[in-house]
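S.K.: One-letter residues, chain by chain:
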Amino acid sequence: MKILPVPTRILAGALVVAMMTLTAPVAVAAPAAGPVVRIGSKPFTEGIVLGEVLAGVARQAGCAAEHRAALGGTQIVFAALERGEIDCYVEYSGTLEREILRGETLRDPEDVAAALARRGLCRSTPLGFDNTYALGMKETVAAGAGIEAISDLAGRDLAIAVSDEFVRRADGWPAIRDAYGLRQTPRVLDHALAYRGLESGHVAVTDLYATDPEVRAHELRILRDDRGVFREYKAFVLYRADLATRAPQFVTALVQLAGAIEPAVMREMNARVRLDGEPESAVAARFLRERFGWDVVAAEPAAAVRVARDVGRATLEHLALVAAALAAAIAVAVPLGIYAQRRPRLAGGILGAVGILQTIPSMAVLVFLVPLLGLGWKPAVVALFLYGLLPIVRGTFNGLAGIPPHLRESAEVLGLDGRARLLRVELPLASRSILAGIKTAAVIAVGTATIGGLIGAGGYGEAILAGIRRADAGLLMQGAVPAAVLALLIQAACDVLERFLVPAGLRAGG
Amino acid sequence: MPAMTTQPRSTRCIPDRAAAPSPADGPMIALDDVAKAYGGRWVLEPTTIAVFRGTTTVLIGPSGCGKSTLLRMIVGLVAPDRGTVTIAGRRLDAGSVSDLRRRIGYVIQDGGLFPHLTGRDNVGLLARHLGWEPPRITARITELADLTRLPAAALDRFPSQLSGGQRQRLGIMRALMLDPAALLLDEPMAALDPLVRYDLQEDLRRIFRATGKTVVMVTHDMGEAGFFGDEVLLLGAGRVVQRGTLDDLIHAPADEFVRRFVSAQRFPGLSGGEGRNAS
Ligand SMILES: Nc1ncnc2c1ncn2[C@@H]1O[C@H](COP(=O)(O)OP(=O)(O)OP(=O)(O)O)[C@@H](O)[C@H]1O
Ligand SMILES: Nc1ncnc2c1ncn2[C@@H]1O[C@H](COP(=O)(O)OP(=O)(O)OP(=O)(O)O)[C@@H](O)[C@H]1O
Ligand SMILES: [Mg+2]
Ligand SMILES: [Mg+2]
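First to last, the sequence lines map onto chains A and B.
Numbered according to the working numbering, the first sequence spans residues 1 to 510.
Numbered according to the working numbering, the second sequence spans residues 511 to 789.
Treat the hints as calculated values from the structure; they're not laboratory data.
Think of the CB as a built atom: it goes at the ideal place given N, C-alpha and C, for glycine as much as any other residue.
There's no promise every hint is true.
Said to hold, decoys possible - Which residues of chain A face chain B? A few of them, derived with a C-beta cut under 7 angstroms, are: (1) Thr140; (2) Val141; (3) Leu422; (4) Glu426; (5) Pro428; (6) Leu429; (7) Pro503; (8) Gly505.
Stated by the list, open to error - Some residues of chain B that are not near chain A, with every Cβ distance over 10 angstroms (derived): (9) Thr558; (10) Ser608; (11) Ala664; (12) Pro704; (13) Gly736.
What the hints assert, rightly or not - Pulled a few chain A residues facing chain B out of the computed Cβ check, cut under 10 angstroms: (14) Met363; (15) Gly402; (16) His406; (17) Arg424; (18) Val425.
Given the sequences, and given the hints that come with them, work out the whole structure.
M.R.: Here you go:
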């Protein structure tokens, strides 16, 4: 797709950047007058690149585009679309028909369109590529083991690692397991990690998508789906029907994407991000420029500036999530711990219930919460709140239960009423244990708040998840290091707090 | 109430009216036919005891015979399985317990001080909760420190920074803070060295007499029982075996158990340390 000689392109690029820089203040003073199109994307490279492509199309059509990138998976993104928190995202036919609309009778495309219409949704013409599921192995390993088709896997002792979504989806692992009679128990691994496992030899077989750039980079053999289990995964845009009235120019512009992204083009875009480390926005911009001659995506600021700004913003977002969740958890868990200690019969049930909350994977909590609360900080805070309950309830309960009986009696015999006993004697005596629980809850919250990156709540999770996705250690560190520092700082802050809140007599003399 | 195999016989223990300083007032503390059982076993058989105003009653008896149970019943920490407790003419029940507790001081071994409060705050805790003005609290604490001869510096230390004798004095100050009519002490001097104990015994008896308190005290020390007790009750296995002055118990033991109990004291200086009191 060489349109211009390289020096000319650089010159043109520099000119565009210069013009953008000059016009930027004007743009701030007079924001785009067009309607806002809110775009979502699932948390993998292809979804994000296509989200950026949609953003470019929207801007080209004269709309203001917001891209809530890398939301936490199909259920969360679709829930956000249904709730109207996003207007559109790129989905695949197989996912739509067999996951999202599971349980509906779908005999032909009209049935699918009707099912979508009932939800106030439409789908665009397919974009041009089919990203079907596949199973892949290292070429050398597959040749050595004589495996060409999925049916060759039956009864073979091979380490299979598949993505979380693949193992759960009816059209993923369960479908091929049943169709091919596979007895192996797959390990669940993030895609990026599974590819590393293939290289290191710890993983023999993994699931992949037909447009994965790694097929070439890792010299993989795609196993033939000899029983035709995997369905078509044609990509298209799912959008809210009301966009046709709110942003008709965007819906019209979408038509141009029909059939515009061939499989090779998509694989190349994925490769530029995953293998060459280019930002998704730059890859999408290049596609729009080369394909349609549009220059729509604003230039990125210099990397160093962006990192500093991102870390600052992520820190504020992260702290806000942790602080809100922790405050709520303290307000609920301390009284709950007191109540549990007062009602020995209920104590087991209360501690058990908050303990079970702790064991629910954060992804499951989010899938439950997003349909109720939407995207953004709300579901993140609620999830962190739920995870914060156990340590604080337990700290309060143990602190109160550990008060020597003779001290409890001393307070009682003195003639203090129940409230005074609690406030003047029992809580101060339990303060150290309660604070220890709060400290644990705070550190857990700092770690868990990375889930904010899955649902558009921001925080360090964005950089960490993006770093894992792109196998970009620098980006990962940009989130992981401040998160670790924050955890240490919070621990130190709790130690300082302990000096003020734990009565001196409990620290003096032992 | 658990099923009992044998109905225990009731022991009545009311001092001579003549010995009571103001019999017209009625007893300060009256236990009427109270009993307590744990797990089907009587730890206190039905017992009736009256303690008159201004007198000191000492409970002695072997370990586990129910002395602390009896004392704890008077402050409502143990609910009797039968019978009633009456303090200053008011029946002890759920409605009166908080109020009555403020009229009874209760002191346990080592003072039972709250480790998170200084000596001063331990003593003033209840008064502050009841809304006393700070100057009044300070004045009262100073007065009590004089009375118990507690060094002023000890007031502002935490219990972990105090000696055993100082903690005990603070426990007594806390019990006396609201000037209660009655004082209950459960082995208050068990952990003290002989010199501190000697001084504290003197101080306590002086305080009891000066303030006209009604006192019930548990001790294992026969000398202490004689030193304090207007009346001594000897308990054995959940019932009152004998009551009277210590002299009565020594010179007219009701049975072999009483004789053995009151003579089981060792005094230094007597031959081989084996000498027995009043044999
Ligand atoms: N909460 C309880 N549950 C079961 N048994 C109890 C309880 N409290 C006391 N007891 C039993 O009741 C009996 C009397 O106990 P109590 O504390 O009154 O003895 P005591 O005379 O004060 O003994 P000591 O001189 O050793 O302090 C003991 O056998 C004790 O084990
Ligand atoms: N950690 C501490 N900080 C400040 N003062 C202390 C501390 N520990 C003890 N003291 C003071 O030192 C003095 C001696 O205390 P110590 O406990 O050695 O006395 P003791 O001889 O054991 O007395 P008792 O017989 O009453 O137990 C007391 O005045 C006590 O208040
Ligand atoms: Mg006892
Ligand atoms: Mg000592």
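S.K.: Sort out which numbered hints this structure fails and list those numbers smallest first.
M.R.: As far as the earlier hints go, 1, 2, 3, 4, 10, 14 and 15 are violated by this structure, in ascending order.
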